[in-house]
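Below are the chains, spelled out letter by letter.
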Amino acid sequence: MKINPIYRQESRGSARSFRLPLIVLGFNCVLAVAALLNMYSVIAQVRLTAELQYSSFLEMYVFVASVEFVLLLLLIPAITAGSISGERERQTLDLMLTTRVGAADIVFGKLLSGLSTVFLLIVSSFPILGLVFIYGGVTVADILLLLLCYVVTALFVGSMGIFCSAVSARSTVATVSAYCLTAAVCAGSVAVFVLSDSFTEMTSAPGSGGASWVGLLLLCNPAATFQAVLDGQLGPGYGLAAAFPWLETVLAGHGRLWWISGIVVQLLLSAAMLAGAVRSVAPRSSKKRGQRRLPPQGRNNFR
Amino acid sequence: MLRIEKLTKTFGRTVALDGMDMHVEQGALYGFVGPNGAGKTTTIKTVIGLLAADSGRVLVSGIDVAEEPGRVMARIGYMPDTFGIYDNLKVAEYMDFFAACYGISGLKARERCRMLLEQVGLDDKADFYVEGLSRGMKQRLCLARALIHNPPLLIMDEPTAGLDPRTRYEFKEILKELCRQGKTVLISSHILPELAEICTDIGIIDQGKMVYEGSMDEILSQINVSSPLLISVAGDRRPALEILRSHPEVDTITIRDEDIMVGFRGDKRDEITLLQRLVDAEVQVYGFSRERGNLESVFMQITDHDSGEVVLRHEN
Ligand SMILES: Nc1ncnc2c1ncn2[C@@H]1O[C@H](COP(=O)(O)OP(=O)(O)O)[C@@H](O)[C@H]1O
Ligand SMILES: [Mg+2]
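Protein sequences, first through last, are from chains A and B. When we follow this note's numbering, the leftmost residue of the first sequence carries the number 1, and every step to the right adds one. When we follow this note's numbering, the leftmost residue of the second sequence carries the number 1001, and every step to the right adds one.
These are calculated hints, taken from the structure and not from any lab test. Note that the structure is predicted; figures quoted are calculated from it, not measured. Glycine included, every Cβ here is placed at the ideal spot set by N, Cα and C. Each statement offered as a hint is correct.
Example chain B residues on the side facing chain A (calculated, C-beta under 7 Å, incomplete):
| no. | residue |
| --- | --- |
| 1 | MET1073 |
| 2 | THR1082 |
| 3 | GLY1084 |
| 4 | ASN1088 |
| 5 | CYS1101 |
| 6 | GLY1103 |
Derived, one-sided and incomplete: chain A residues facing chain B with beta-carbon distance under 7 Å:
| no. | residue |
| --- | --- |
| 7 | PRO5 |
| 8 | GLY13 |
| 9 | ARG16 |
| 10 | THR92 |
| 11 | ARG100 |
| 12 | PRO283 |
Generate coordinates for the entire structure from the input sequences, incorporating the hints supplied.
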């Protein structure tokens, strides 16, 4: 099996440090507290009114899933943004580039090790997510779809982090810009949508739906995709979108098509950002850009 | 082994390299000297393909870096002016990582790492964390790392900076040993005398240009030429002055008490015949010596910007 040396190096480092277990512990603690509080409030409700609302169990699923989603959004930039700029700061990037390791190997090795940390977080949260099965109402297929959504989000936001890391010289700059980019994609696209929506309502007849192209902007918003997935599972009215009725109007009616195209768009954007990262890591050879590759025996034969 | 032709490189408005030329022969221990900011690091980074030159060519064993950087990199062991070290790795793991980066793995990698660590005297430190090593040890570890793919050419950017004399001596011994093994070594420094004892060739760079290049013997003889010949004569010194005045290689004659200081252009042979003539003329010579030339002053002369022209000759 071929193992990217950068990835192997990273995992050796992270296996040794206290950081990873701490992150896993903190992550699951927050999730567990969220789930238990939610359960407690449901039970308290039952005690008070002696009436059990089935929807409150679904709310628990939505709540825990949303908390996990937000935690991932907050953690992924921190996990990935220091990767390449950190090598730069340690002056080891140049050293790696003079070996048979290419810029692409470095970028993918870093992405892989960042993602493996995120996957560890996702997998470790299974038991807590599994609490929702106590009451039923959510199927295994639903959970799998949720995981798919998480994985795509991890890839997308992780690629943004790697990209920021590749273009900045300092890790702090990279981290700040990765958070800004994540915020712009997740909240900025919504803000643009809201603005344009109110703008259209002012200028044109109500209900003309003139702002639908701006709605397409939401395709690259992982939060919107996440919401669409939840909507598809539970019907509208749950989760974050409950606070934004207009969002429902965009998401509704497209059904499955919405989140599938969202995932495709985000995967394409991830690929573009990774390519950008590779470009900025590669040493600039003015004459033949991107052709600084190795002797014929193949440089990818890491074993 | 390494040939650089008319290399230029500008960073914005700073001209870092301005028509650099360099020739390093196979098996040489080449000292690449220049004051800070002269362009040494820029040259080296261009050679290993980390920087692209604006114009000019770099050939390593006849291979152009701009065309086949991968093949050139495979032939060069590079030691930058910083360590480039992971603190959370052990010495053996650090070596193993870079071996993997060169596609060397398994038993072969382990054997090579052990051999190199032994060569630089770190074999008993294999299980230590890199951050716990002393500066000199880190330096040697970096050297071992640079040699991991067994490159014929080793390029080191200011490797002796910040080392104590003892460590520096040990480091030089390792370098000599590498040269004996047939490696070509290019070592940069901003201190010329430091390289003088070990180098076979010297290139002096200043403001992005190679201002002097030649073998160590050449530069040493030039230095000797540039310092005056000191002749001590007892008794009557007129016959001595007579001979000196008529000698074609003599530029200046200064008299200080019993000593005559002679600006003498000739080499060792000429000195011998001159002494012979003085003795034959029955001049009572009791001292005949050249002041040992000082590399420092030569370096200062060469890289002295105020005097405009670069001169190696002693000003008369
Ligand atoms: N990345 C860079 N950006 C701008 N200027 C640079 C850069 N690298 C080097 N220089 C300039 O190029 C000149 C040569 O630098 P350098 O090669 O590092 O000198 P040396 O290694 O001989 O001390 C200096 O004037 C320096 O300021
Ligand atoms: Mg330098």
